[in-house]
Amino acid sequence: MICYQLCCANGHTFEGWYRDSAAFARLKQENLLSCAICGSSKVEQALMAPAIVKGRAHPKKVESSQPEAIPQQQPEAPTATQQPEAVTPDNLMSALRQIRAVVEENCDNVGSNFADEALRIHHGEAPERGIYGDMTASEREMLEDEGVDVLPLPWVRKTDS
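Here the working numbering runs 16 ahead of the position in the sequence shown, where the first position is 1.
Just so you know, the hints here were simulated from the structure itself, not pulled from any lab data.
Careful, some of the hints might be misleading.
[What the hints assert, rightly or not] Below, simulated BS3-like cross-link-like pairs (lysine-lysine); rule was C-alpha separation at most 27 Å, straight line:
1) 44 / 58
2) 44 / 174
3) 174 / 58
Make the full structure from the sequences, and use the hints.
Listed below in structure tokens is the structure:
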């Protein structure tokens, strides 16, 4: 997995996680990226400092400085015909469905074996890759105690119809 710092045309910055740089490039080319804050589809990569891995004792621990800010031009005030895209429940559901689609396309579903597989990846016993699945509260606590970073995602239905 690769993490990019992204910036929209309105100056919002946010993170995006992708299987690899080719997955990001494909999503950008197909205009499937949108701002996590305002929903704008004009999203670019922000300048980032490279992540530096320290030593072999903790191969998964990564230090990274904060991304450098990109000088932004102030967005022009919207005119009567050019209104900013409103954040609505429909827009949010659409964004969550897009997140689900990207995760399903780029990561392996390990189901109820999520905690075991995440721990195996963390210890270098399984190939490093993006995974998703289910875990219990006690499994999540165990992963946190082991230093495994996990990110819960709101898992919405694919469609409402």
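Do the hints match the structure? See the list:
| no. | hint | in the structure |
| --- | --- | --- |
| 1 | 44 / 58 | holds, 9 Å |
| 2 | 44 / 174 | holds, 21 Å |
| 3 | 174 / 58 | holds, 24 Å |
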